[in-house]
Structures are given as C-alpha cells and as structure tokens.
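**Q** Please build the complete structure, drawing on both the sequences and the hints.
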Amino acid sequence: MVVADTLLGVTEAFLVGSVYLGLHRKVIARIQRRPGPPIIQEFLHTLKFLMKEAYAPITSAGFLYWLVPVFNVIIWSSAVTISAVFRGNLLPFFALYAAYKVLSHGAGVSAGSTYTKIGGVRHAIMPAGELALACSLISAYFITGHADVAGILAWERAHGPLIEHAPFSALAFFTLVWVDSPYSPLDPSKGYDIVEGYLTEYPGFLRSLMYTAEALKFYCELWVFQAVFLGISDPAVHLLAMGALTILLAVLCAVTPILTPYQAVGIHVLVASLMFLDALIR
Amino acid sequence: MRRWLPFLATVAADVALLWIEWRHPGLVREHQGTFAALTILVLALMLLALGWALSPRGEPDRAPFLGY
Numbered sequence: 010m011v012v013a014d015t016l017l018g019v020t021e022a023f024l025v026g027s028v029y030l031g032l033h034r035k036v037i038a039r040i041q042r043r044p045g046p047p048i049i050q051e052f053l054h055t056l057k058f059l060m061k062e063a064y065a066p067i068t069s070a071g072f073l074y075w076l077v078p079v080f081n082v083i084i085w086s087s088a089v090t091i092s093a094v095f096r097g098n099l100l101p102f103f104a105l106y107a108a109y110k111v112l113s114h115g116a117g118v119s120a121g122s123t124y125t126k127i128g129g130v131r132h133a134i135m136p137a138g139e140l141a142l143a144c145s146l147i148s149a150y151f152i153t154g155h156a157d158v159a160g161i162l163a164w165e166r167a168h169g170p171l172i173e174h175a176p177f178s179a180l181a182f183f184t185l186v187w188v189d190s191p192y193s194p195l196d197p198s199k200g201y202d203i204v205e206g207y208l209t210e211y212p213g214f215l216r217s218l219m220y221t222a223e224a225l226k227f228y229c230e231l232w233v234f235q236a237v238f239l240g241i242s243d244p245a246v247h248l249l250a251m252g253a254l255t256i257l258l259a260v261l262c263a264v265t266p267i268l269t270p271y272q273a274v275g276i277h278v279l280v281a282s283l284m285f286l287d288a289l290i291r
Numbered sequence: 079m080r081r082w083l084p085f086l087a088t089v090a091a092d093v094a095l096l097w098i099e100w101r102h103p104g105l106v107r108e109h110q111g112t113f114a115a116l117t118i119l120v121l122a123l124m125l126l127a128l129g130w131a132l133s134p135r136g137e138p139d140r141a142p143f144l145g146y
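Protein chains in written order, with my numbering: chain X, 10 to 291; chain C, 79 to 146.
It is possible that part of the hints are untrue.
Stated by the list, open to error - Pairwise CB distance ranges (calculated): (1) C:ARG81 <-> X:GLY71: 16 to 24 Å; (2) C:ALA115 <-> X:PRO170: 39 to 47 Å; (3) X:TYR271 <-> C:LEU86: 46 to 54 Å; (4) X:PRO46 <-> C:PRO84: 48 to 56 Å.
What the hints assert, rightly or not - Coverage of chain C stretches by chain X, computed from C-beta distances (three or more under 8 Å per stretch; other residues unrestricted): (5) 90-99; (6) 122-131.
Think of the hints as simulated: they come from the structure by calculation, not from any bench. Being a predicted model, the structure only gives us computed values, none of them experimental. For each residue, glycine too, the CB sits at the ideal point set by N, CA and C.
**A** This is how it looks when you write it as structure tokens:
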C-alpha cells in the first residue's frame, strides 16, 4: 500500500511532530517558570496561518518565493517516507538534508530582505548539518554493513544498539537534532539581530507550509536518530523515546546560553572532529 | 468558488492515486518510488491550494510593501 502508507505516514509525522514541538516549548516554559502555551499550540499555529492571507514583498523573487514552502514540505515528506515509512536507504535522507540547506538559503535570498538573507546564509553554512550527518551515517554503514534503516535495525537486534558501538557518531547526530530544534543555542540562523532568520518574510499560508515542514523535519530527525542509534523498532516505544528525546532537547535548549554564530559553528566542528577521530581510531 | 478549483484538482489527483493502488496494486508496487513521489507532490500542492482557497484577499489598491 504505497500511496496509502505514504499519506498516512506523512500525516502521522506532521501530527506527532507538531505535538512534540509543542511539548518542547512547554518544557522550556516550565523551566523558565512560565505557564507556556498548550502542547498543541504549534499545531494550532499551523492551522491558523493556513487561513491567513499570503503576499510577496515587492523585492521577492516571485515564482521561487512562492514555491520554496512547497519544496520544503516535499523535501521533508520525502525524508519521512523514505526513512520512517519504508525504512529505506539513508543516503537519500542525507541528500534531502543537504537540499534542505540549499532551500533555506533560497528561502532567505528569494524574499529579498536583509534579515532573511543573513538568516539563510547563516543556516546554509552551519557545518553541523551535512558534515556530522554524513560522517555518522558513514560510520553506521562501516560498522553494520547496511545503509538502510531496516538492515541497521536487524543488525542492532543481533549486536545491540549502535550507540554502544559508535558513541561519537550518536553524539554528532544528536548535536544535529539539537541544532535543528527550536530555540537551540547552537542555531545561528535566528536571533535578536535577524528576527526569525530565513522565515521572517513568509506570511500567511506560506508560513503554515513552513511550519508543516518544521514539524515533519523534527519528527524525521528524531525518528532516524532513535532507529539508527538506539535500535528501536516498536511504534509505541518509538513515540515514548521521541517524547523523552524531545524533553531532553528542551532542557538542553533552556539551560544553555545563546551562543554567537562563531561559537556555535566552533562547537559543531568540535563534535564532528571528535567523531571523525573516533572513526579513524576504530 | 473558483479559488477552490486548484484544491479540488489536487484532491481528485490524490483519489486517482488511491484508486490506481486499489485497482492495480502490482503496478504500484512495481513503480513504488514514482507513486510515492507523486503522492508527496500532490500532498504538498494540496496544502498550498488549501491555503490559497482558505485565505482572504487583501485590498487590491492598498499601498504595496516596498521591501527593504
């Protein structure tokens, strides 16, 4: 059931991702002694913006500007379908992540605003993305002999979770998820100086599509992390593990001070270097 | 009503894909990647068309945002 599974898988990823993004916000708020929004707030935001008028700034690149949110949804729906629904090869996941970086740059540039341009460029140059992701997936392949999620899960059933065999790879992938989580101290693409980064000039239902892609991305990254490195294949345990990871990420985001872009990139490179050295020694 | 036409077209495309899967499961299994990609494409366009249909239109003669 390819079509039905794809539709159901992407819908589930959006709903679960939205709720976990809301949980992330809620935990941060509670740590900061605020009541915080309800857990379904991110989902409500997405629905609300879907009914708001969208417009293009006169400086925007027209056609590209309107299609960037659609491409964003396509990229993360594809990543969810390949990795989580069909448990397929992780190389397309890596390629889609790289495409997402190009897209975020395109989102920043196509709006024609200085804020979005700086946000897009900062997001594209973050080395925690492609570098750490590629290295961790390559080391997972060298250890397990499989590049697909189903094969890695089968290997982990026989040999234990991959995090025991490649802890630095798991750390690098976790750093990637941490960088991409909302309010991350390691994410230099948003901040007081550039407002919401490459998202700043996306109003109305275009913003809703961007939020949909964010929810899909959050779900997909958490899913791949705990499938590849924790060896979890049961759907119910998946949801619990993703919830626990979300709470851990929220605590990390809440208690870590915001870093400057140079400091953030320095930490990305440090983690990736540790993992690379670990892979060389092995 | 005209603003709902793109959304209805994407719904029709999705129903057509489901119908093909129901009637010709072997064909869909054989071209799994193509059908999954088509489903995702239709889904993303459906969201865009839904937003287009649901969102109100602003005043046509308002002062334009001139950018930065």
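**Q** Are the hints correct? Go through all of them and say.
**A** Here's how the hints hold up against the structure:
With their beta carbons about 20 Å apart, ARG81 (chain C) and GLY71 (chain X) fall inside the hinted range of 16 to 24 Å. Distance hint check for ALA115 (chain C) and PRO170 (chain X): the Cβ-Cβ separation is about 32 Å, which falls outside the suggested range of 39 to 47 Å. Between TYR271 (chain X) and LEU86 (chain C) the Cβ separation comes to about 51 Å, which falls inside the hinted range of 46 to 54 Å. Between PRO46 (chain X) and PRO84 (chain C) the Cβ separation comes to about 32 Å, which falls outside the hinted range of 48 to 56 Å.
For the stretch 90-99 of chain C, the assignment as covered by chain X holds, since 5 residues bring a beta-carbon within under 8 Å of that chain's beta-carbons and 3 suffice. Coverage of the stretch 122-131 of chain C by chain X holds. Counting CB-CB distances below 8 Å, 7 residues qualify, and the rule asks for three or more.
The structure fails to meet hints 2 and 4 from the earlier list, while all remaining hints are met.
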